[in-house]
Amino acid sequence: MIKAYLGVDVGSVSTNLVILDANNQVIAGTYLRTNGKPIVVVQEGLHQIGQEISKDIEICGVGATGSARYLTSLIIGADIVKNEITAHAMAASTVIDDVKTIIEIGGQDSKIIIMRDGVVTDFAMNTVCAAGTGSFLDQQANRLCIPIEHFGDYALRAKTPVRIAGRCAVFAESDMIHKQQLGYNTEDIIAGLCEALVRNYMNNVGKGKDIKPPVIFQGGVAANQGLVRAFNKYLGVEVIVPEAYGIMGAIGAAMLARRASKKKGKTKFKGFNIQEIEFKTTSFECKGCSNACEVVQFFENEELAARWGDRCGRWELH
Amino acid sequence: MKISFPHMGYSYIAFKWLVENMGHECIVPPEPSSRTLDLGVRYAPEFACIPFKILLGTYLEVVEMGAEVIISSGGMGPCRAGYYWVMHKYLLEEAGKDVKVVAFELPRSDIMDFWKKLRWLRKTGGISVKEFIRVFKTAWNKIMVIDDVEMRSHEIRPYEIHRGDTTRGLWTALDMIDKANTLQEIQEARVEGLRQLNQIEQDRSRKPLKIGIIGEIYVVLEPAANHYIQIMLGEMGVQTDRSIYLTSYARKNTIVNLEGDVFEVAKPYLNEAPIGGHGVNSIGETILYAKHGFDGVVQLAPFACIPEIVAKSIIPTVSKDYSIPVLTLFIDEQTGKAGVQTRLEAFVDLLESRREVRERHERLVI
Chain A
1 MIKAYLGVDV GSVSTNLVIL DANNQVIAGT YLRTNGKPIV VVQEGLHQIG
51 QEISKDIEIC GVGATGSARY LTSLIIGADI VKNEITAHAM AASTVIDDVK
101 TIIEIGGQDS KIIIMRDGVV TDFAMNTVCA AGTGSFLDQQ ANRLCIPIEH
151 FGDYALRAKT PVRIAGRCAV FAESDMIHKQ QLGYNTEDII AGLCEALVRN
201 YMNNVGKGKD IKPPVIFQGG VAANQGLVRA FNKYLGVEVI VPEAYGIMGA
251 IGAAMLARRA SKKKGKTKFK GFNIQEIEFK TTSFECKGCS NACEVVQFFE
301 NEELAARWGD RCGRWELH
Chain B
1 MKISFPHMGY SYIAFKWLVE NMGHECIVPP EPSSRTLDLG VRYAPEFACI
51 PFKILLGTYL EVVEMGAEVI ISSGGMGPCR AGYYWVMHKY LLEEAGKDVK
101 VVAFELPRSD IMDFWKKLRW LRKTGGISVK EFIRVFKTAW NKIMVIDDVE
151 MRSHEIRPYE IHRGDTTRGL WTALDMIDKA NTLQEIQEAR VEGLRQLNQI
201 EQDRSRKPLK IGIIGEIYVV LEPAANHYIQ IMLGEMGVQT DRSIYLTSYA
251 RKNTIVNLEG DVFEVAKPYL NEAPIGGHGV NSIGETILYA KHGFDGVVQL
301 APFACIPEIV AKSIIPTVSK DYSIPVLTLF IDEQTGKAGV QTRLEAFVDL
351 LESRREVRER HERLVI
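So the protein lines, in turn, are chains A and B.
Number 53 in my numbering belongs to position 53 of the first sequence; there are no gaps in the numbering.
Number 302 in my numbering belongs to position 302 of the second sequence; there are no gaps in the numbering.
Hints listed in this document are in silico derivations from the structure and should not be mistaken for laboratory results.
Just so it is clear, CB atoms sit at the ideal spot from N, CA and C, and this is done for glycine as well.
It cannot be assumed that every hint is accurate.
[What the hints assert, rightly or not] Pairs of lysine-lysine residues, derived as DSBU-like cross-links and limited to a Cα-Cα distance of at most 30 Å, are as follows:
| hint | chain 1 | residue 1 | chain 2 | residue 2 |
| --- | --- | --- | --- | --- |
| 1 | B | K337 | A | K233 |
| 2 | B | K207 | B | K267 |
| 3 | A | K207 | B | K137 |
| 4 | A | K268 | B | K267 |
| 5 | B | K210 | A | K264 |
| 6 | A | K233 | A | K209 |
[Said to hold, decoys possible] Label pairs and their computed distance ranges (CB to CB):
| hint | chain 1 | residue 1 | chain 2 | residue 2 | range |
| --- | --- | --- | --- | --- | --- |
| 7 | B | F47 | A | G208 | 45 to 55 Å |
| 8 | A | K207 | B | V41 | 26 to 36 Å |
| 9 | B | I161 | A | F284 | 18 to 28 Å |
Please put together the full structure from these sequences, using the hints given.
Okay, structure coming up:
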């Protein structure tokens, strides 16, 4: 049997699953759209990835990350639940040992992680603004009728990027429209948008951070070559895009799972074929006091498996 | 008169007692909810900060409940919060609400105004000066004791074995304080409340991290405005201390002034004019927490709060000099706590691995 570890990253836009061997090498990986249905997507993704791997692979540990990490951990039986920041940092350090800066841009959020000697020393995440994240780029690509996969190529063809306001996604959009109406070509506008987004990122998330090379750029948005070039230009160093840039969170989760399983010795993994299990959530308003907490109940095949959402802990299952 | 006031943490328990014992009727402000925010957002200017919107929402709610007078605070310094009560007054008028807004400025800025307003409250309530002093003293004691039990709950929560035991213990203690009417009863409630908190089943082998909570006063004081951050961190196994308690605030800002200390330590980083609000405090407090051996600091800042933004841009230097990580959370209309949870978990991971590295070094040295 080959020992392997499963990492699952369920984010706002994508759901990624990765199976790593004991040397942190990717055996299999999938990238799916979450489409607002995390439970179903995890079940399907798990089944898919289970089909891909050979029968002699044994899952010895499971890690969950992403904004739906707690829900996911209940569905798959995770041994460890970790936030995305720790998971991304973990994965990046396998690409380059002494990585000092990690730029991660995903569907709804963007982060910067500063590392020194393999330890996270500082980080920031966008707070009230989603300009520059994947969803915004998706929207703009849509509006320009360019498939998002080709967005970067357009930027690379630009000769003189147009200056676009990057302060806010809404302003960026109206600025873009104005420039279009003035007759600037699409390539230059897209390249300008990439530069604006990098400026916005650096002023928002990167503000006050001690950015030093090597810099790794990961997350779904790293597919965009236009942004890679804009980062290179702004930072004055070559940013490194890892081969598995889109599934780094899941890789980190799998690595954390390996570490956790060493301590625990056994896994809670429920197996690849959980599509038959019916997972269901219901909620009710607690009448215990004036707080009126909305308590969520999680059922696995009609059996109550977990409850959360109460502030006082009275509904907790022990 | 039917009197109400802003909701700030658990202080309403003492204020309610004060209002009632001055001979007035109290309209207890409800804990800020999504409805409070909806109301506030609807009537407030778009650019106003979250404390402004929550307060306005609260005022609209208490007016609905029958409040005739709202007592608020003014404030010192050029932070716009000092004029909020004036804005609130105009906005309530515009919305056609028949309510009087009375704001107390700091006694040292206008002592006459301060006494005049107090006198008015006493006369309309119909109690003697002697009685007034007694009531005031008792209410002050209540706030002190409320802060005492809350502080203890934040110390104990990281050790609790069953999630929620501490929170429920705190509620029980607050309930006892709420029912106490004399100085003696308040002391008894304090002793009993603390005893019950101490008796919660705990795992004392844990070594909780220590995090200081700093930032703008309202979002620091009102758990409903900061996603109950101290409870959230406590349940992650972190001990927290916050820079502002109502009693410490009053001790600093009214007659006894302890605030000089914070300004003094902040001086190497910001020696010029006060930047308003709690901006300078945030810088000074970061230093104080570092000096007291805390592992990290969380800064709470309302979105677009100028003093906190200024502080935020100075804090990286402080953080480096004193080797203390600082996480800034901007607070606005979002009510989802998942994002805050993610950042806090990552911050706790960061602090834990720092501690591991430090302990490894210490072992090597030995």
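Hints, verified against the model:
1. K337(B) x K233(A): The given pair, whose Cα atoms are some 36 Å apart, is violated under the 30 Å limit.
2. K207(B) x K267(B): With a Cα-Cα distance of about 34 Å, the restraint between K207(B) and K267(B) is violated, given a limit of 30 Å.
3. K207(A) x K137(B): 48 Å, violated
4. K268(A) x K267(B): 54 Å, violated
5. K210(B) x K264(A): 27 Å, holds
6. K233(A) x K209(A): 18 Å, holds
7. F47(B) x G208(A): 45 to 55 Å: 24 Å, violated
8. K207(A) x V41(B): 26 to 36 Å: Since K207(A) and V41(B) have Cβ atoms about 27 Å apart, the given range 26 to 36 Å holds.
9. I161(B) x F284(A): 18 to 28 Å: Given a distance of about 26 Å, which is inside 18 to 28 Å, the answer is holds.
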